[in-house]
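Student: This is what each chain is made of:
Protein chains: 2
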Amino acid sequence: MIDEKLNQAVHILNERGIDMWLTFVRETSSTPDPVLDLILGAHVVWPSAFILTGGGEKIAVVGSLDMQNVRDHADYEVVGYVDSIKPALLKLLKRLDPQKIVINFSTNDVTADGMTHGMYLLLMSYLKGTPYADRIESSEAVISALRGRKSGTEIEHIRGAIRETLKLFDAVTEHVRPGMSEFDVADFIRQKMEEKNLEPAWDADQCPAVFTGPDSAGAHATPTGRLIEPGHIMNIDFGVRWNGYVSDLQRTWYFLRQGEIVPPEAVENGFRVIRDAIRKAAGFLKPGVEGWAVDEVARTHITDAGYAEYPHALGHQVGRKAHDGSTLLCPKWERYGDLPHSKVEAGQVFTLEPRLTVPGHGVATIEEIVVVTETGCEFLSEPQEEIIMIGPGT
Amino acid sequence: MIDEKLNQAVHILNERGIDMWLTFVRETSSTPDPVLDLILGAHVVWPSAFILTGGGEKIAVVGSLDMQNVRDHADYEVVGYVDSIKPALLKLLKRLDPQKIVINFSTNDVTADGMTHGMYLLLMSYLKGTPYADRIESSEAVISALRGRKSGTEIEHIRGAIRETLKLFDAVTEHVRPGMSEFDVADFIRQKMEEKNLEPAWDADQCPAVFTGPDSAGAHATPTGRLIEPGHIMNIDFGVRWNGYVSDLQRTWYFLRQGEIVPPEAVENGFRVIRDAIRKAAGFLKPGVEGWAVDEVARTHITDAGYAEYPHALGHQVGRKAHDGSTLLCPKWERYGDLPHSKVEAGQVFTLEPRLTVPGHGVATIEEIVVVTETGCEFLSEPQEEIIMIGPGT
Chain A
1 MIDEKLNQAV HILNERGIDM WLTFVRETSS TPDPVLDLIL GAHVVWPSAF ILTGGGEKIA
61 VVGSLDMQNV RDHADYEVVG YVDSIKPALL KLLKRLDPQK IVINFSTNDV TADGMTHGMY
121 LLLMSYLKGT PYADRIESSE AVISALRGRK SGTEIEHIRG AIRETLKLFD AVTEHVRPGM
181 SEFDVADFIR QKMEEKNLEP AWDADQCPAV FTGPDSAGAH ATPTGRLIEP GHIMNIDFGV
241 RWNGYVSDLQ RTWYFLRQGE IVPPEAVENG FRVIRDAIRK AAGFLKPGVE GWAVDEVART
301 HITDAGYAEY PHALGHQVGR KAHDGSTLLC PKWERYGDLP HSKVEAGQVF TLEPRLTVPG
361 HGVATIEEIV VVTETGCEFL SEPQEEIIMI GPGT
Chain B
1001 MIDEKLNQAV HILNERGIDM WLTFVRETSS TPDPVLDLIL GAHVVWPSAF ILTGGGEKIA
1061 VVGSLDMQNV RDHADYEVVG YVDSIKPALL KLLKRLDPQK IVINFSTNDV TADGMTHGMY
1121 LLLMSYLKGT PYADRIESSE AVISALRGRK SGTEIEHIRG AIRETLKLFD AVTEHVRPGM
1181 SEFDVADFIR QKMEEKNLEP AWDADQCPAV FTGPDSAGAH ATPTGRLIEP GHIMNIDFGV
1241 RWNGYVSDLQ RTWYFLRQGE IVPPEAVENG FRVIRDAIRK AAGFLKPGVE GWAVDEVART
1301 HITDAGYAEY PHALGHQVGR KAHDGSTLLC PKWERYGDLP HSKVEAGQVF TLEPRLTVPG
1361 HGVATIEEIV VVTETGCEFL SEPQEEIIMI GPGT
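Sequence order for the protein chains is A and B.
Okay, so the first sequence: first residue is 1 according to our numbering, each after it adds one.
Okay, so the second sequence: first residue is 1001 according to our numbering, each after it adds one.
Hints were generated in silico from the structure; no laboratory data involved.
Hints are not guaranteed to be accurate.
To be verified - Derived lysine-lysine pairs resembling BS3-like cross-links, with alpha carbons at most 30 Å apart:
| hint | chain 1 | residue 1 | chain 2 | residue 2 |
| --- | --- | --- | --- | --- |
| 1 | A | 196 | B | 1192 |
| 2 | A | 86 | B | 1343 |
| 3 | A | 332 | B | 1343 |
| 4 | B | 1343 | B | 1167 |
| 5 | B | 1196 | A | 192 |
| 6 | A | 196 | B | 1196 |
| 7 | B | 1192 | A | 192 |
| 8 | A | 58 | A | 86 |
| 9 | A | 86 | B | 1332 |
| 10 | B | 1128 | A | 100 |
| 11 | B | 1332 | A | 128 |
| 12 | B | 1196 | A | 128 |
| 13 | A | 343 | B | 1167 |
| 14 | A | 128 | B | 1128 |
| 15 | B | 1086 | A | 332 |
| 16 | A | 332 | B | 1280 |
As the list claims (entries may be wrong) - Covered stretches of chain B (chain A as the covering partner; in silico rule of three or more C-beta atoms under 8 Å from a C-beta of chain A):
| hint | segment |
| --- | --- |
| 17 | 1022 to 1035 |
| 18 | 1064 to 1076 |
| 19 | 1082 to 1088 |
As the list claims (entries may be wrong) - Pulled a few chain B residues facing chain A out of the computed Cβ check, cut under 7 Å:
| hint | residue |
| --- | --- |
| 20 | 1047 |
| 21 | 1107 |
| 22 | 1110 |
| 23 | 1113 |
| 24 | 1115 |
| 25 | 1116 |
| 26 | 1118 |
| 27 | 1120 |
| 28 | 1121 |
| 29 | 1122 |
| 30 | 1149 |
| 31 | 1151 |
| 32 | 1311 |
| 33 | 1333 |
| 34 | 1334 |
| 35 | 1384 |
Just so we're clear, the structure is a prediction, and the values are computed from it rather than from any experiment.
For glycine and all other residues, C-beta sits at the position ideal for the given N, C-alpha and C.
Go ahead and model the full structure; you've got the sequences and the hints to work with.
Tutor: Have a look at this one:
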């Protein structure tokens, strides 16, 4: 997989007229660069430079103790050093004489922003007085293409992660009852994961994230002792890792009160608005559209129906990470930088995850996963069409 | 533990006349800042600022969806935002009006260098046109003191990790025989770890790291199918996590050949030189000495004995991470930046881990762990005094 990605990277460099991509990192167990998952698949300790050129050269300049480990993981020509990376790096630059060097930082894209500021200062101190200091740019576009364009194999791994996640949601439906706490539901899922030897797609303490009722934490929080009551909407945000690729999905349940045989109209309506917002956005999503425009389709559907807008993006990419960076289906908010204006490409895999609050009941939210095709998009997850109803129990 | 560390941090700010420490991060599951282990103990998704002042104020400016999670983990006043962190952050700076702001980057110290270059650019773009842009410095000294000075509780956790590691080394001695591979030995340790529910101190694929014979990878590499033969020196580099704190230890074994009852003199001598280099360095280690001087004691002992010098530092700090950053017992090599000149403080916990090659047999290396006291240092690991001999088997 790494060698496949390295070759894809060389292709992308040529496509974009870039003659060198340099990734500069150190102690990646402490401060990992997300791109190393794609171009190395291992950690290094000492300051290390991974260099790809448009001509197809793949060179790693690493500390002597890291050499064997790098050789074991990817097909680089490995150059070692003991006391300083500087001479070997400068010698290499002089030989290759790149006119443009893209390096691993980005204000927009977390997955392309793995270089620490200290490492940036170090690199620039090495390049001082050379012609290369003025040839530095961000590798954001290269990483975005490399991470975004999923191969058929990558899509199959994501499908596997989705399949396992949806099975666990079904198990929750069988098991969950009023009186259980968010903790209880999360523990049930964790136990099933352990039985199946599945790893969570993100931090275990928030994966699964379980939210019940009108006073829940909202999102990105750990499950609490809050008890599920009849009349609650519950939602779960959850994903698993499958052959190195992940899912990230949400489903919504409603707990019937005594005498209810369907949810109150307010709950039904909230759910339908979310479901239809996803349908509309998926109908609009295709190569060439800008991310903000897809977000706006869902956002407007929700606000037109009289609900407050969701305080986040409609969707993010999914791949080796649950938040896989780069092109985002997000509003034009400052915190998203230029990402709202990046264009959707075929092969990208996105979540679609709007939310709204149904007062007195909880948060209705669905998260589906779609892959962008040449002409539109295709659901990788079987979409939730109806709110899942749980009876009032004994 | 987090609240204890936050209060210690306020104390350190006052000690150093710093009125604000600002830690600026985002998507810390992808690009973690190592200092968050000490000041938050959780992850955040959106751009987030953690601010401590000399006056004892503890403020977190975080995305609305991260607010509850931050509240659940540490005692910050939490300020939320939806579309941009900039207005809330600037308002806060204006109110607190710091004369010096230290932020999370460092060319020297990985554990103080958690801010990505993209985040640095974002922060500086926010501060443009304010008086604060010119008041930015590195928080390296603050983080170094906060991470380095271990409390009694922290030392006890490290002792626990050491105890479990040494027990597993004893189990290896009982189990290992010529004809096993490095893989086999690593698998045996992993199985024991699973039985005891222990986590590795660093990446599982290199923890344990097992090296046997004259042609082994050296260090920082995954175990291979290389078979242990009589006449080999084997060493293992290994540690476990215990209540959030880790060990990092190495031991050396020798496999007797048919007819041998002790190792050849070359092996014995190599081992003794390493053991005595550690003894001498430990005798020299005390508060106020510079890191390079401690390294030099061990390095000179080894080169005076006619061996090549080891291609790394004598020792690093250990704590929540195996490589716990800051003051290092290292030579004055460029790649170590200014760290060789940082002064040892009481409460710091160091490894001592010189190595040398015995031609034709393998690498002799011992790694011990010591804590710096007011007057010297104390071994936390029971030192290896003799090479462990394994018989030639049946």
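Student: Hints first: check each against the structure and report whether it holds.
Tutor: Here is how each hint holds up against the structure:
Taking the CA atoms of residue 196 (chain A) and residue 1192 (chain B), the gap is about 22 Å. The hint holds against a cut of 30 Å. Distance restraint check for residue 86 (chain A) and residue 1343 (chain B): the Cα-Cα separation of roughly 26 Å lies within the 30 Å cut-off, and the hinted pair is therefore satisfied. Between residue 332 (chain A) and residue 1343 (chain B) the CA atoms are separated by roughly 49 Å; this puts the pair beyond 30 Å, and the hint is violated. Between residue 1343 (chain B) and residue 1167 (chain B), the direct Cα distance comes to roughly 33 Å. Violation of the 30 Å bound is thereby established for this hinted pair.
With a CA separation close to 22 Å, the supplied pair residue 1196 (chain B) and residue 192 (chain A) stays within the 30 Å bound. A distance of roughly 21 Å separates the Cα atoms of residue 196 (chain A) and residue 1196 (chain B); the hinted pair therefore holds under the 30 Å criterion. Between residue 1192 (chain B) and residue 192 (chain A) the alpha-carbon distance is near 24 Å, which keeps this suggested pair within the 30 Å criterion. Distance restraint check for residue 58 (chain A) and residue 86 (chain A): the Cα-Cα separation of roughly 18 Å lies within the 30 Å cut-off, and the hinted pair is therefore satisfied.
A threshold of 30 Å between alpha carbons decides the hint, and for residue 86 (chain A) with residue 1332 (chain B) the separation of about 15 Å falls inside it, so the pair holds. Taking the CA atoms of residue 1128 (chain B) and residue 100 (chain A), the gap is about 28 Å. The hint holds against a cut of 30 Å. Under the criterion of a C-alpha separation no larger than 30 Å, the hint pairing residue 1332 (chain B) with residue 128 (chain A) is consistent with the structure, at around 22 Å. Restraint check for residue 1196 (chain B) and residue 128 (chain A): the C-alpha separation of about 52 Å exceeds 30 Å, so the hint is violated.
Simply put, residue 343 (chain A) and residue 1167 (chain B) have alpha-carbon atoms about 56 Å apart, too far for the 30 Å limit, and the pair is violated. Taken as a hint, the residue 128 (chain A) and residue 1128 (chain B) pair is honoured in the structure, with Cα atoms around 25 Å apart against an allowance of 30 Å. A distance of roughly 15 Å separates the Cα atoms of residue 1086 (chain B) and residue 332 (chain A); the hinted pair therefore holds under the 30 Å criterion. For the hint linking residue 332 (chain A) to residue 1280 (chain B), the alpha-carbon distance of about 62 Å lies beyond 30 Å, and the restraint is violated.
For a cut-off of 8 Å, the count of residues in the segment 1022 to 1035 of chain B with a CB near a CB of chain A stands at 8, and the three-residue condition holds. A count of 6 residues in the segment 1064 to 1076 of chain B with a Cβ less than 8 Å from any Cβ of chain A is obtained; the coverage claim is therefore met, three being the minimum. Coverage of the segment 1082 to 1088 of chain B by chain A holds [criterion: at least 3 residues with CB-CB distance below 8 Å; count 5]. At its closest, the beta carbon of residue 1047 (chain B) sits 6 Å from a beta carbon of chain A; the interface hint therefore holds under the 7 Å criterion.
For residue 1107 (chain B), the shortest C-beta to C-beta distance to chain A is roughly 5 Å, which falls under 7 Å, so the interface hint holds. Contact between residue 1110 (chain B) and chain A, as hinted, is supported at the beta carbon level, the nearest pair being about 4 Å apart and thus within 7 Å. Proximity of residue 1113 (chain B) to chain A holds as hinted, the smallest CB-CB distance being about 4 Å (cut-off 7 Å). Interface restraint check for residue 1115 (chain B): the shortest CB-CB distance to chain A comes to about 5 Å, inside 7 Å, so the restraint holds.
Satisfaction of the interface hint for residue 1116 (chain B) is found here, the shortest Cβ-Cβ separation to chain A being roughly 4 Å, below the 7 Å cut-off. Residue-level restraint check for residue 1118 (chain B) holds (minimum Cβ-Cβ distance to chain A is 4 Å; threshold 7 Å). At a threshold of 7 Å, the smallest CB-CB gap from residue 1120 (chain B) to chain A is about 4 Å, leaving the interface hint in force. Because the beta carbon of residue 1121 (chain B) sits about 5 Å from the nearest beta carbon in chain A, less than 7 Å, this interface hint is met.
With a cut of 7 Å, the hint placing residue 1122 (chain B) at the interface with chain A holds, because the nearest CB-to-CB distance is about 5 Å. Hint status for residue 1149 (chain B) relative to chain A: violated, with the closest Cβ pair at about 19 Å, above 7 Å. Interface restraint check for residue 1151 (chain B): the shortest CB-CB distance to chain A comes to about 21 Å, outside 7 Å, so the restraint is violated. Proximity of residue 1311 (chain B) to chain A holds as hinted, the smallest CB-CB distance being about 5 Å (cut-off 7 Å).
Annotation: interface hint on residue 1333 (chain B) holds; nearest CB of chain A at approximately 4 Å, less than 7 Å. Because the closest C-beta pair between residue 1334 (chain B) and chain A is about 4 Å apart, less than 7 Å, the hint holds. With a cut of 7 Å, the hint placing residue 1384 (chain B) at the interface with chain A is violated, because the nearest CB-to-CB distance is about 21 Å.
Consistency note: the structure conflicts with the earlier hints numbered 3, 4, 12, 13, 16, 30, 31, 35.
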